[in-house]
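Participant: Chains as they are written, first to last, in this note's numbering: chain A, 1 to 113; chain B, 1 to 410; chain C, 1 to 198; chain D, 1 to 835.
Any given hint might turn out to be false.
Here are the simulated lysine to aspartate or glutamate pairs, EDC-like style, with alpha carbons at most 16 Å apart [stated by the list, open to error]: (1) A/107 x D/794; (2) D/511 x D/593; (3) D/511 x D/598; (4) A/112 x D/794; (5) B/146 x B/232; (6) D/711 x D/701.
Since the hints were derived computationally from the structure, they do not count as laboratory data.
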Amino acid sequence: MNLLTEPIGVSHYLIVGAIMFVTGALCMATKRNALGVLMGIELVLNGANVNFVAFGSEYLRPGAVSMGLDGQLIALFVIVLAAAEAAVALAIVLNFYNNHSSVDVDKADELKG
Amino acid sequence: MAEYLQQYLPQSLAYLTAALVHAVLILVVVALGTLIFIWLERKVSGRIQDRLGPTRVGGKFGWLQTLADGLKLITKEDLRPASADSMLFLIAPYVSLCASYVAYIALPFADGWVAIHLNVAVFFIVAVLGLEVFGVMLAGYASGSKWSLFGAMREAAQVVSYEVPLGICVVVPVLIAGTMDLVAIGQMQAGWFFNWFLFHDPFTFIVFWVYFTCATASVNRAPFDLAEAESELVAGFHTEYSGVRWSIFFMAEYSSMVVVSALAAILFFGGWNGPLPITHWLGLADSANPLAHYVANLLGLINFLGKAIAGVTFMMWVRWTLPRLRIDQVMATCLKYCTPIAAFGFAGAVIWTFLFPGGLVIPNKDWVVQEEYQLDEPQAQSAASTSAASTSPLAHADSGLHAEEHHGTD
Amino acid sequence: MEPINWHSVFFLLFALVGCGFSVAVLLTSNVVRMAFYLVLALAATSGLFFLAGADFVGAMQIMIYVGGTLVLLIFGVMLTARGPFISMRTPAGEWILGAIIGGSLLVVLLSAATSVRAWRPVAVAEGEARPTATRLGMALLGARVDKLEEPDPTQREGMSGYLLPFEIVSVHLLVVLVGSAYLARPKKRAVGSTAETV
Amino acid sequence: MDPVSTLPVLLGLAWLVPLASFTLIVLFGPRMGKAGIGAGYLATGAILTSAILSSFSLFFVWIPAYDMPEPSHPVAADSAHGGAHEAEVHDEAAHKEEHGDDDHGEQHAESSHGEHDGGHAHFDKPEIAGEWYTLGKFGSLRITIGYYIDSLTVMMFAMVTFIATCIHFYAIGYMHDELHDYVDHEVTLEDGQHLHRPGRFHRFFQYLSLFCFSMLGLVIAGNIAMVFVFWELVGICSYFLIGFYIERKSASNAANKAFIVNRVGDFGMIIGLMVIFATLGTFAFGDVDADGDGTPEPGIFSQVRSPENDYALVVPDGVIKAAAASEIAKGVEATPEQIQSWREDMEPGGVGRWAYWLMIIAGVGIFCGCVGKSAQFPLHVWLPDAMEGPTPVSALVHSATMVAAGVYLVGRFFPFFVPEVLLVIAIIGCITLFVAATIAITAVDIKRVLAYSTVSQLGYMMLALGVGGWSAGVFHLMTHAFFKSLLFMCSGSVIHAVHTNDMTHMGGLRKKMPWTAYTMLVGCLAIMGAGVPFTIGLSGHYSKDAILAQAMSFEAANPMLGWLFYVAAAGAAITAFYMFRLWFLTCAGEPRDKHRYDHAHESPKVMYVPLVILAVMAVIVGWSIYGTPVGIQKLLEQARPMGILTTAHGALLTDLVHPDEHLSHLEEFHVASTWYATLTGLAGLGLAIVFYGVRVLNPAEVANQFKRVYKFLVNKWYFDELYNVIFVKPVLLVSSRVADFDKKVIDGLIDTLAIGTRMIARLDDMIDRYFVDGLINAFAGWTYAVALWFRGAETGRLRQYVMFIVLGTVVLFILITFYLSAPLAPSLSTLEGRP
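Using the sequences and the hints, build the whole thing.
Facilitator: Written as structure tokens, this is what we have:
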């Protein structure tokens, strides 16, 4: 199977999306820096976006099974919401930093059980 | 172009060559533009300050001065501070340059002369220009110097803020044109100079000035060059740079200036269309003859470049005239003046287009925005759009002519 | 020899860049470099979007994601980037645990991605990309022009646009802007001085 | 008279007469004359009888019967050959012993009749050991009432009874307040009145008699078990007498403190006893023929230092066997050769080493008891508090006799101590003498100054014994008994006159009570060791010289431990300083409290006559009887245990050398130490004069200048506070816990039982309520427990939550794929079915 000559399908995009998603999740799970966690979230959202766009693409899935424009619309919303999320999260991080002089999420365990 | 080459070359090679030709052409514009504009800036600043500027190198006007400077910079040692994050430090200038370089690929230099005819070209250019700030921020951080970091922080705050009014300003012509396709926007302003969007209504006229202010700020030029304020921050984000890398930052800055000026030219000043419909009169524009069309485009290119150079020169004029603002003044300018005015202009333009659909003075009614989708005839429209299909999305790269023809004849 | 499928080639290029820099984000401990790699990964993703025919989403990705969100993020990094926070080490045990869990998730996702036949690549008749910007704009304003082609009348008429979500998102963004400005405001120093600033 | 037959009878009588007095007073005390005054006469008569019997034994039985050892001032060369001579002499001694065995059945005596060897001091120590009565026999354990008499015993008898007699007389005067109803001004009852109670004159003398009996029993005891019994008896008498004013909180506390602190030491002593009995199989000191087969069983001393080994200290067979118990259990037969090889196995972990360690444990254990009784550091804290008792008690019990019992026991057990144990004794003594002396500098309570002085002097004795000066230590014990009881009685007289213990309220009393003041001055001079060097001096002069000389010779042998000598020398200066501080504050200068001064008066004759007698004794007791060489020193040399006049080396601390005691008589040590003692004494005296006599320097100023040091000393080195924190507080804590346990758990148990009974009575009412409530509570509790358990998952760690989410996703997918796939299969197939 020659990748250079084969056509590209949805699953190719899904694989990319999966890799990005998992990397993002791992980023969230392993980074101690709150901003690293944020970046992980961005990666996760991005991986999901790749999936949405792939499902909505007319090139990859011509015909009726495509999600059509819905996929792109959802991706749009995801991007916008990611921006909003990033703004709020950054504000939280800065606030956290002001209070704790650190961005180590492990220190944010004051509500632990 | 690729189709043309395909007659002589294998398909893959043809596409590759076509892409390379486009890339090299743009690179030439960028590099040459930088050379010229640096020389120009010296001359302009000299004249403004009542002196001559460079006069010796390369003959009478010192026009090889920049080249000499460039050679000097190339031979200088490429210094790197010990506390620098070396990878990011080395990469940062290229990030900046790439961002402004990529903007060119969606920029039409004449009717249809565009590397990639993007449907969302305005959006794309604004987006990519916003990336230039990455280079600056990385440089600022990676230098490991507080001056650099302060410069970068200012730059980041400034650029992110100014993107808001800039975006609103850009939306106004897009709103009037009904498309984000720069080629289409340019074509709409063909004919007399009063067809230019600048004179479309009073709001666009106001919005243009706001746009130009914001553009100056977002390419980090005086009086908004807080990021490299030499009186406070030594040299801001490029304090630690020298030699080639420093000159690459300069290239990025000047090419960005060209891009925003060119964008302004297309959005407000009719792009490649001259103030008088000369090509129309000569029959070059409407001719079916490709050669005539080519000549018309050459004239358009001269027009376009002239407008862009005028814009850049205007920026230089501003730079050597106005003192630098303080950082709080910069932010106040953005948030208290530019944004409200732009929003006001936007609202006004919306109302104006609602009240006077098609505008007050638009003789060429052909260019009124077309309803792309007529709700009662979807099938026909879809068929029409697919008929001009190229092979793949990649074909955008060289299907500019086709697409433009398609729109033109519609 | 089969002709090279340029679409595939560019897909591979962007996919490799995207995935590679995602992994680099994961593996770097320096937060500034992480941000830089993330920029590249997201930019590559926008390339993937362009390849998938979603040019507006791609531009949007660059504009908002790369240009806005990440600038914000790097801004945050710089605000908080004091020596010890630039690179904070994660214990090796957590890496191992994360690798195990993440690996299993990846296996799960990949098996899902490759197991559905309908998602496998099909040799599609090459078609011109239809510009999406206008259609997306219409959809956001409530008119689903793309669904007019649906043969199924219920599909055609039942498909509402995205006007309400669009409005919600707009308000949401406004709230977020106000909220984040409120959250990140500097602490008030004294009661007396606030009167002046107001 | 034959001492072997008469001495046990005479001394036994002297011992038992106070017991008779005690018994009578217990039975008829309150009815003896007016308010029991007859009890005083009875007790005094009894002890006088004892004194007469003892003196008779000493002067008319013992001294004529046994020769004194030759004066020995060996030159250095002599000591080098000492070993060879000793071997020779001890051969003869062993030979002699065989002869003596035939003479007496139960009573075994060793005596030496002039077997002198070329002017050397080696001669066989005369001793009489035997048993009066066997209390019980339990296997190998025999509890007997026995005696062990040597010149030390006889001298102790004479000394104790003599001083006790003086004190009895004195006490008749001192305690006359108790003859009628007594108002104790130091006890305030709840109603604000002072305590009124009937007098306890008879009870005081009852205790004194019991004490005398116990003390004499302790001295004459022939085995260590008996020593222990009387040891405890004197302890209980001390307890009674300290707590004589039982209504006073401070007195009862002091009595408890004395008793409890002594228990600590006795614990060690019991361990020592156990080790000795377990290893040597006997308690007896001397060789007594217990089973009546004609051959005496070896006692402790002859097992440790047997004639066969030339009286050199050898780890006895019993100890070796005990140490080799595991080897013997393995079947190795303990033949003499095997024991010898074990004994020589001094490698770390070797049997010999273990055996040696046993010796050390036994020795240190015995010494622990002495530490408690003789108030040595770190158990010295009880003695100053014991001054709550009446002053005659302080004079008799807490200075002259009982506290000296510890020193006496160390002296008695001296042959048993290996050099390492002696080193411990020396160091403890040295620390004690210094600590107590420094505290005495700042004390203002006259009796406490004397108490610390006592502790310090006891430290001197221990130091002397520890550095190998057997006779020096015991000599000081003798002399100290006289002048310290004198000093106490003087202070009692002063207190009697001014009704306060506080020296800052005294002053100038020598004009009012000359007898007391000048006898006190004699006591001070004696304890300072005043005298003309090499010519004549008070009793303390000789004993202190001997101690310092001994310490000096020890320093010469062990340069590393030289500080012992210098501390002792410094202590001598301090002693002189605080004693004369005391004298100046009380008797000299201007009266500081006019009111008290005006009311002061000389004590009655019954009180000051004993003072005078004791003062005379304090002067002369160091001298020899005119015209003869017989003196305490000679008698002590006679009593010196066999075999200790050698230079001993430590087996574990191989650098440790205990020099031959005679080496201290060498010119270099003797002369130097005499000068040291005199000059340090004079220095202390000079200092006291400067501060308190002519008042050139203001002591308050000095105290202010060295405020921290002063405070440290005033607070007695914070020992009480330290012990309070380390011992008392924890004990109180534990007890309060135990009390809580009692109150809550045990009482609670009983209460629960009661409640249970009530519940059964109201069963039908309760079942309903408790069943339902219980169910609901159980449910709530269960919910609570589950919630608590789940709370653990809420770690507050963001990254862990992410992990959980991811894990949950994976698990869900697996569940769906493998367990829930059937319902989903159609939809999947439809998905696949579509183009």
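Participant: Take the hints in turn and mark each one as holding or not.
Facilitator: Structure-based check of each hint:
Distance hint between residue 107 of chain A and residue 794 of chain D is fulfilled; the C-alpha atoms sit about 14 Å from each other, no more than 16 Å. Restraint check: the Cα-Cα separation between residue 511 of chain D and residue 593 of chain D comes to about 15 Å, which is no more than 16 Å; the hinted pair holds. Between residue 511 of chain D and residue 598 of chain D the CA atoms are separated by roughly 11 Å; this keeps the pair inside 16 Å, and the hint holds. With a C-alpha separation of about 5 Å, the suggested pair residue 112 of chain A and residue 794 of chain D falls inside the 16 Å cut-off, and the hint holds.
The suggested pairing of residue 146 of chain B with residue 232 of chain B holds, with an alpha-carbon distance near 12 Å, which does not exceed 16 Å. Restraint check: the Cα-Cα separation between residue 711 of chain D and residue 701 of chain D comes to about 13 Å, which is no more than 16 Å; the hinted pair holds.
Consistency with the previously given hints is maintained throughout, with no hint failing.
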